Every structure is written in C-alpha cells, then in structure tokens.
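Protein chains in written order, with the numbering used here: chain A, 1 to 515; chain B, 1 to 515.
Do not rely on the hints blindly, as some may be mistaken.
Copies of one chain are not kept apart here, so a pair can be met inside one copy or by any two copies together.
Distance condition first, Cα-Cα at most 20 Å in a straight line; then the derived SDA-like pairs of lysine to any residue [unchecked claim]: (1) Lys264 - Gly506; (2) Lys192 - Glu247; (3) Lys137 - Val12; (4) Lys264 - Val183; (5) Lys192 - Ala314; (6) Lys192 - Gly291; (7) Lys137 - Leu105; (8) Lys227 - Pro484.
Rather than coming from a laboratory, the hints here were simulated on the basis of the structure. Just so we're clear, the structure is a prediction, and the values are computed from it rather than from any experiment.
2 protein chains.
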Amino acid sequence: MNGAQALIRTFVGSGVDVCFANPGTSEMHFVAALDDVPEMRAVLGLFEGVVTGAADGYGRMAGRPAATLLHLGPGLGNGIANLHNARRARTPIVNLVGDHATNHLAYDPPLASDIESLARPVSRWFRSSVRADALAKDAVAAVQGAFGPPGGVATLVVPADLSWQEAGEPATSRPGAELDTVVDDAVVGAAKALGSGEPAVLLVGGNAVRERGLVAAGRVASATGAKLLCETFPARLERGAGIPAVERLGYLAEFTIAQLQGAKHLVLADALAPVSFFAYPGLPGYLVPDGCEVHTLATGSDDVVGALEALADALGAPPDAAVRQAPVRPDRPTGALNAQTMAAAIGALLPEGAVVSDEGNTSGLFVSGATAGAPRHDWLCLTGGAIGQGLPVATGAAVACPDRPVLSLEADGSAMYTLQSLWTQVRESLDVTTVIINNGSYAILELELSRVGAGDPGPRARGMLDLKRPDLDFVALASGMGVPATRAGTAEEFTQQLERAFSTPGPALVEAVLR
Amino acid sequence: MNGAQALIRTFVGSGVDVCFANPGTSEMHFVAALDDVPEMRAVLGLFEGVVTGAADGYGRMAGRPAATLLHLGPGLGNGIANLHNARRARTPIVNLVGDHATNHLAYDPPLASDIESLARPVSRWFRSSVRADALAKDAVAAVQGAFGPPGGVATLVVPADLSWQEAGEPATSRPGAELDTVVDDAVVGAAKALGSGEPAVLLVGGNAVRERGLVAAGRVASATGAKLLCETFPARLERGAGIPAVERLGYLAEFTIAQLQGAKHLVLADALAPVSFFAYPGLPGYLVPDGCEVHTLATGSDDVVGALEALADALGAPPDAAVRQAPVRPDRPTGALNAQTMAAAIGALLPEGAVVSDEGNTSGLFVSGATAGAPRHDWLCLTGGAIGQGLPVATGAAVACPDRPVLSLEADGSAMYTLQSLWTQVRESLDVTTVIINNGSYAILELELSRVGAGDPGPRARGMLDLKRPDLDFVALASGMGVPATRAGTAEEFTQQLERAFSTPGPALVEAVLR
C-alpha cells in the first residue's frame with residue numbers, strides 16, 4: 001500500500017477516525033485513499049480555520065484526537081489561530097500538513113515555505129516525515145504526541161512523494177493518555193494549607209472541571225471553607241443541575257483581584273496562577289495577592305482528579321460533602337431583547353445534555369449565570385483568546401457527539417472570522433443551533449479602549465471598533481450557506497425562535513439583535 | 001508623544017499613509033492615535049486575511065507599502081497565507097504586529113505565542129521593538145526593509161507598553177527603493193546568446209512586465225526572433241491595446257515544457273528558471289529543456305528595465321521595433337454561460353484603465369485571451385498559490401487607485417476564504433466589480449487528482465472536491481455584507497449584469513453560474 005493509505009490506516013487503528021480537511025494538490029493521495037479506508041470519516045471545511053477549530057471541538061468532547069488535513073504552509077497558516085486556542089486548551093489534535101515532494105523543494109516553487117517555523121509555536125510535537133516506510137511509525141508517534149499528557153497539537157508534515165511511494169503495512173499500536181500518578185507531598189502540602197484555617201482558594205482547571213473533579217473539589221471546599229474557583233476560560237467545564245457549581249475567575253483583572261482578595265493560600269489543581277489577560281498601564285499583571293502562598297496540587301500531566309480525591313480524603317471530607325447545583329431555570333423573558341433577556345431565554349430552554357460553544361464575549365456575560373441550574377451540560381470556552389473559535393468548535397463538538405444538541409453562542413465580530421463553519425454543519429447534518437449576538441461592534445474593544453488609558457477616543461478610533469457601515473445581515477449570510485435562519489428583535493421572538501431551533505434537527509441560526 | 005503616535009507619524013512621513021487593520025487590545029493605543037494623525041487612513045478588515053491581502057493589492061498598485069495592524073500571534077497567523085502571496089509578489093508591506101507588554105510576556109498569558117517564529121517565513125525583514133524612544137527609528141527601518149529591493153514584507157512587532165510610553169519625536173527620513181545598476185557583463189552575455197541565431201526564449205517577470213520593460217523586451221524579441229514569455233503568475237502585468245503582448249508560461253508543466261521545447265538559450269529578466277508548481281510521480285520538476293543554457297540578465301534587486309533597454313540597444317533593435325497589441329474585443333456573447341462566454345463578456349466590456357485581480361483559477365482560463373486586446377489595464381495574479389488572495393487584493397488595489405475600476409475575478413472555492421473583503425469594499429465605497437465563478441467545485445483539484453496518478457477517484461474522494469451539498473448562494477452572501485448582487489445563468493444575463501456593475505460606482509457582485 002502507498003504512504004497515504006498506510007498513514008490513514010494507522011490513524012484508524014490508533015483510534016483517530018475523523019479527519020477535518022481542506023486538501024490541495026500535495027494531499028491528493030490522501031484524498032484518493034479515503035475510498036480505500038472507509039473507516040476514516042473525512043469532513044470538508046471551506047477554510048482551514050474551520051478545520052483546525054473543528055478538530056479542537058472534536059478533541060475536547062471525544063477525548064481523543066481528530067486529524068486535520070492541511071495544504072502546505074499557507075493552509076497551516078490559515079489554521080494557526082485555532083491551533084493556538086487548541087494548544088491553550090491542551091486538546092489532542094493530529095495536525096497533518098502536506099508538503100511538496102522532497103526533491104521538489106530545492107526549486108523553491110511558489111507554495112514552498114518554512115512549515116516547521118510556522119508549526120512550532122502551536123505544536124507540542126513536530127515531525128517532518130522523511131521515508132515512506134516510516135510513515136506508519138510517524139503516525140503512531142504523532143497520535144501519542146497529541147495525547148501527551150499533557151495533550152496538545154502534534155504536527156506531522158508529509159512530503160507528497162512519501163504519500164505515493166510504497167510504504168509497507170500500517171502500524172497497530174494504540175496510543176493513549178497515561179497520566180502521572182498523584183504526588184503525595186503535593187497532597188500533604190495542599191491539605192496543610194487548606195486545613196490551616198487561613199483564608200484559602202482552591203483553583204481548578206483543565207482536567208479537574210468535569211463531574212468527578214468538581215465533586216472532589218466541592219468536598220474540599222465544604223470541609224475547609226476554602227473558596228472554590230475555576231480558571232477563566234476552561235476548555236470543557238461540566239456544569240448544570242446536579243454538578244457542583246464553580247465560580248469562574250473574571251476576565252477583567254479588577255474582578256479577579258476582588259475574587260482572590262485576602263487569600264493566604266492558593267491551591268492550584270491543573271490551573272495556572274492567575275495573570276491578567278492583557279497588561280494595562282500602571283496595573284499588575286500577576287494577580288495573586290501579596291502574601292498569598294501558592295501550592296501546586298497537580299499540573300496538566302498529573303492525575304488531577306485522583307489528587308483532588310486524595311486531598312478530600314486527607315481532609316476527612318465526607319463523600320457527599322460537595323454542594324451540588326439545584327435545578328433552576330429563569331422564566332421565559334419578555335420585552336426588549338438585551339444581554340439579560342437573551343441569557344434568560346437560553347437558561348429557560350437549554351436542552352439536557354447540551355454542549356455549549358461559548359464565544360459570546362461581552363454580550364454573553366449573563367448567559368453563564370442564567371444557565372447555572374439548567375440540566376447538565378458542557379461549556380467550551382475561548383481558551384486562547386484568538387477569536388473565530390466558536391463556530392468551528394461547535395461544528396467539531398457536534399461531530400464528536402451526534403446525539404447531543406450543540407449551542408453555538410457567537411458574537412458578531414468573532415462570527416465573521418470563521419462563518420464558513422455553517423456550511424460544514426449543513427453538509428454533515430449537525431444538530432447545531434447558532435445564536436449570533438449582533439450588537440454591531442467589537443464591544444469588547446470599546447471596553448478595552450477605555451481601559452488601556454488611551455484617552456477619550458475620537459471618531460476615527462471608534463470607527464475601528466464599529467461593525468456597522470454596513471450592517472451585517474446574518475440571516476442572509478446563513479442562508480447563503482444553506483442554514484435556516486431567523487432574526488429576533490424582542491425577547492419573545494428570540495425565545496420562540498430559539499425553541500424552534502432547539503426542537504428541529506440539523507443546523508439553525510438565530511440572529512439576536514440586541515438593543 | 002507616545003510610542004503609537006510617534007510610530008504612526010513616522011510612517012506618514014515615510015510615505016506610508018494607509019493602514020489595513022484588525023486591531024485588538026494590545027493595539028488600542030494605535031487605534032486611539034488615529035485621531036491624532038488624520039493623515040493616516042485606517043481601513044478596517046473583518047479578518048486578517050483581508051487585511052494582509054489588501055495590503056498586498058495596495059502595494060502592487062501604489063508601488064509603496066501600506067501598513068497592516070494585526071493582533072499578536074493569532075492575528076498574524078490569520079494573515080500569513082496572504083503574506084505568503086505578498087512575499088512571492090515581492091510587494092512592499094509594513095506588517096505591524098502588536099504584542100503583550102514586555103514585562104507581561106513572562107506570565108505566558110493566553111494570547112502569548114512565538115510571534116517571530118510565525119513571522120519569519122513570510123518576512124524579508126523582522127524586528128521586535130525593545131524601546132519606545134527607538135520606535136521611530138524602527139519604523140523607518142521597517143519601511144526601508146519593505147522597499148528592499150527586492151521589496152517584501154517587513155514585520156515590526158511592537159509590545160503594548162512601548163506604544164503607551166513617551167517616545168520623543170517621529171523620524172523624518174523618507175525611505176525608497178534604490179535598484180542596483182545594470183550589470184554590463186550580464187547584458188553582453190544575454191546579447192551574445194540571443195544574437196547567436198540559436199532558438200532562444202526571453203522570460204520576463206517581476207518589475208519587467210510593465211509597459212517600459214515590455215517595450216524593451218518586445219524590441220529584443222523582434223530583433224532576434226527570440227520567443228518572449230512571461231512568468232506564470234506575475235504580480236502586476238500591464239497589458240491590453242497598445243502594450244506589447246506577452247504569452248504567460250502555462251500553469252501545467254506539460255504546457256510549459258511545450259512552450260520551452262527546443263530552446264537553446266533562456267534569458268531571465270527578473271524571472272526564475274521555470275519549475276512546475278507541484279511535483280508529480282515520474283515527471284520532472286525543473287522545466288528548462290536539457291541542453292538549454294540559462295542566462296540571468298537581471299534579478300529582482302537590479303534595474304531590470306534598464307537592463308532590457310541596454311540589451312535591446314546592444315542588439316541594435318530600433319526603438320519602435322516592439323509589436324504592440326492591436327485593439328480588439330470579442331463580441332458580446334449569447335447562449336449558455338460557460339468559461340468561454342463568460343470570458344467573452346469580460347473581454348467585450350472591460351473598462352479602460354481597469355485593474356483585474358485574477359483568482360479565477362480553472363474557470364478563468366479563457367479570460368486572459370479574451371481581454372488581450374481590451375483597453376490597457378493591469379492584471380494581478382495569485383503569486384504564491386495560497387487561495388483567498390483575489391478579493392482582498394482587489395480591495396487594496398481599489399484603495400490605491402480610487403479613480404480606476406477594479407474587476408475581481410474569483411473562483412467559488414477561493415472566494416469562501418476571504419469573502420469578508422466585500423464588507424470593507426462597501427464601507428470604503430470602493431469601485432470593485434466582483435465576478436464569482438460558481439462551478440460548485442474545487443475544479444482545479446479535480447484536475448490535480450487525475451494528474452497525480454492517484455487512480456480513479458471514488459465517491460468519498462470526489463466529495464472532498466465538491467462544493468455542493470449545500471450549494472453556495474453568493475447573492476445572499478454578498479447581500480449579507482451590503483453588496484448589491486445578481487445571479488447570471490446565461491451569457492446574455494451575465495453580460496447585462498456585468499455592464500451594469502461596471503457602470504455603477506461602488507461595489508457590486510455578479511454570480512456567474514457556469515454550466
């Protein structure tokens with residue numbers, strides 16, 4: 001079999017059986033091989049930012065990598081922003097990049113570029129294959145590189161000639177994530193700090209913010225009075241009725257400072273010590289209060305859930321000590337459609353088992369609170385700050401979870417980065433409900449412009465943040481890609497349209513025009 | 001004045017007075033400074049691929065750089081594909097990338113990444129600023145770096161704190177491109193080869209394919225009988241009635257081989273020796289025939305026009321020896337709308353002085369022939385093979401040339417990469433007529449799939465190249481961004497709609513549905 005076939009068969013044998021793709025000429029043998037290896041599901045994206053973001057959403061929900069298929073350096077370049085987000089989310093992804101045939105690179109043809117230099121900043125593992133008969137081995141190493149732990153982007157570059165040469169048999173090993181064991185000293189240290197009676201914060205993130213980790217963390221909090229907080233933008237947070245609720249660190253440094261104020265101990269469970277998202281003139285970037293001692297219970301490659309359970313046991317916390325969220329939903333809202341009523345409608349209607357891809361930015365502020373007591377669901381955040389993540393992540397999550405409804409909560413400015421995702425949702429009949437929050441601006445930047453101390457902005461500065469002139473019509477844009485779409489201008493309209501979208505299989509879009 | 005103000009004022013003083021921008025928090029001081037420096041025109045793009053591609057189109061037409069304004073590594077990442085094209089076009093661009101404040105980087109906040117590693121592959125000049133009071137000097141060096149020669153992308157990274165610190169006065173020097181002088185030996189060598197009587201090809205590209213260079217090349221061809229060819233994808237080719245016509249090298253290696261067959265001498269005038277775009281199993285990548293001697297008359301940093309004129313003089317070619325293209329247009333087509341009739345309509349209607357941004361790919365094949373005798377115009381090609389260039393380049397060209405009509409000839413698959421360009425065209429009231437060639441597929445890949453010898457493709461392979469399921473409705477998509485749009489299904493409809501679009505100021509889009 002040729003290299004492309006050996007590679008795809010090895011992926012399938014390694015548990016990687018979904019490939020988000022936007023191929024070009026140098027990847028044509030992979031495309032041809034799809035008919036030889038029907039176990040591999042190939043999902044076409046109209047733009048590489050869709051491809052890599054979908055692989056991120058898939059990996060977060062499936063717990064194993066999807067592959068991508070990207071066309072040389074420029075194809076990789078288009079996917080970098082969402083690979084950056086995936087890197088921050090520690091999502092396992094096998095990022096497959098085609099390159100020119102080995103002996104063709106010497107001619108520096110138009111599409112040649114330094115792929116490794118582009119790939120390194122987003123990849124925890126990188127290799128450029130050099131022999132067709134080693135491709136199967138390279139593929140296994142790439143999958144293992146994606147699993148880590150910690151998980152991340154493994155980029156494998158495959159020159160075109162290797163994909164068409166004879167490559168022997170596929171490899172059969174099946175990589176996976178093997179977490180490091182619990183470090184007893186870390187548990188003892190954290191128990192001592194939390195048991196000291198001094199004000200303390202337990203900060204959870206990464207692998208700690210799904211039910212088992214949150215139950216253990218909730219036991220610790222109940223037993224010690226420690227404040228339980230979660231990182232600002234978790235990759236995948238399990239929440240809703242029945243799950244211990246956890247307050248997220250604020251995006252704005254001022255909020256974070258208030259949340260941590262007075263703490264003498266900060267215990268980190270797969271989370272980093274809080275720093276501000278950006279620096280501001282005259283403000284601190286490192287947000288741990290002076291005099292607060294930082295204790296690391298577990299990092300991303302450790303068994304953080306095991307560590308939290310050991311910690312809870314060490315503190316003598318009863319198994320049922322965690323406070324679980326009670327079921328509660330807001331009433332269906334009426335009147336003007338604004339950030340609050342939009343949030344209330346989502347809280348009133350969010351289906352059981354939903355996966356929420358949250359790129360609502362400023363306007364999504366109230367949604368978290370309004371859905372806290374909704375039936376249990378997963379919440380996927382903008383981990384790396386590179387906008388254009390939400391729609392692709394929703395797409396990939398829906399591929400990973402065909403039986404779960406997906407809500408894609410998307411700000412207007414961010415939506416325009418990777419709107420092509422809608423087309424893939426139609427093609428793959430994915431049950432994604434997209435809510436576009438249309439406030440006609442990069443509202444978060446209006447906030448930031450005032451925060452960086454740049455003075456009173458004039459009309460030209462404001463013009464750079466405004467998304468009117470012309471208005472964006474998301475109903476037309478969605479229709480252009482085959483997604484049924486409606487526009488809501490009141491709370492009643494929004495509630496009714498959202499309810500219909502949730503109850504209809506396949507993709508749908510509701511444009512929420514906020515006042 | 002602060003760093004942002006000093007930098008922008010220095011740019012303006014250096015002749016860089018247009019900035020294509022998609023800023024974020026780390027660039028807010030630049031945004032605020034726009035009201036202090038009204039000489040700088042800031043043009044907002046909804047995605048960084050629009051920003052960098054527009055800077056490319058601007059630079060090709062203006063002959064001097066625009067600035068970009070990009071948000072950290074991910075913002076740069078989104079712009080890399082079109083920077084790759086700009087690198088291949090040797091377009092001068094000052095690529096301004098904001099970064100976190102210097103002392104904030106140590107905390108590795110979510111948006112931090114290795115910007116230099118991302119920037120190097122597309123930049124001929126790179127610097128990360130380290131002091132506010134050196135920003136003005138850095139800006140001058142960046143502009144000079146963009147001019148070269150050869151021209152290219154100069155990337156300047158500016159940490160946020162430098163933009164808000166006191167920075168002193170702007171610099172006042174005015175960089176520009178100073179070409180190397182003509183190398184006499186190269187002229188003598190080329191003259192000897194071309195005067196030998198043996199079959200010869202003169203291959204022109206880069207700076208040689210505007211009127212003066214083509215006139216000189218045409219004199220050489222007339223005097224010697226040498227075949228005059230032009231590189232496959234010139235950055236900016238001047239052509240039409242009154243300009244010496246030049247045949248472009250074929251995209252397909254088979255065509256190039258036929259064009260060069262029998263040549264004993266190949267003289268390169270700011271062009272590279274032909275290589276195939278991609279490698280194919282069993283086919284050569286280097287396309288110069290065996291036994292053909294290659295002579296370099298001038299490279300990209302040389303005065304290639306001067307060299308061609310010296311060569312023509314050395315060969316005794318009379319000043320008026322170049323054969324100029326006669327004015328001729330096809331008739332207005334009737335009947336079915338296909339690649340030929342679409343091309344005929346464009347040939348029949350292309351306005352005097354038009355700038356054509358050509359990303360028509362396979363379907364645009366006939367347009368070049370149909371417009372050869374149209375009134376003089378400029379032709380901008382996909383230089384680096386990274387699709388998604390056409391609409392942004394058209395946008396930037398229109399900013400550079402407000403008094404010239406712009407035709408954006410765009411394939412459906414490529415259009416979906418950077419369709420957000422349409423919004424900027426509306427916002428800036430740019431006179432761009434976009435023709436979307438909708439054939440419902442990545443047609444060029446269907447061709448490539450058969451060419452790489454990957455066997456007879458099955459339905460799953462074909463599915464990766466097909467842009468149906470669902471169909472793309474470009475009229476709806478354009479309307480969603482405020483561009484008046486119509487759909488043409490016959491040659492008559494297309495001709496009529498194109499005529500109306502050309503005669504109406506501002507952006508318009510015609511979707512050509514090919515049979």
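How the hints compare with the structure:
For the homomeric pair Lys264 and Gly506, neither the shortest alpha-carbon distance inside one copy (50 Å) nor that between copies (63 Å) is at most 20 Å. Proximity of Lys192 and Glu247 under a CA criterion of 20 Å is satisfied in neither setting, with 23 Å inside one chain copy and 80 Å between copies. Only within a single protomer do Lys137 and Val12 lie at most 20 Å apart by alpha-carbon distance; the minimum there is 13 Å, versus 55 Å between protomers. For the identical chains of this complex, Lys264 and Val183 are neighbours neither inside a copy (23 Å) nor across copies (74 Å), given an alpha-carbon limit of 20 Å.
For the homomeric pair Lys192 and Ala314, the shortest alpha-carbon distance inside one copy (9 Å) is at most 20 Å, but the shortest distance between copies (90 Å) is not. For the identical chains of this complex, Lys192 and Gly291 are intra-copy neighbours only, at 17 Å inside a copy versus 82 Å across copies, given an alpha-carbon limit of 20 Å. For the identical chains of this complex, Lys137 and Leu105 are neighbours neither inside a copy (24 Å) nor across copies (37 Å), given an alpha-carbon limit of 20 Å. In this homomeric assembly, Lys227 and Pro484 never come within 20 Å of each other (Cα to Cα): the closest approach is 44 Å inside a single copy and 56 Å across copies.
Hint violations for this structure: numbers 1, 2, 4, 7 and 8, all remaining hints satisfied.
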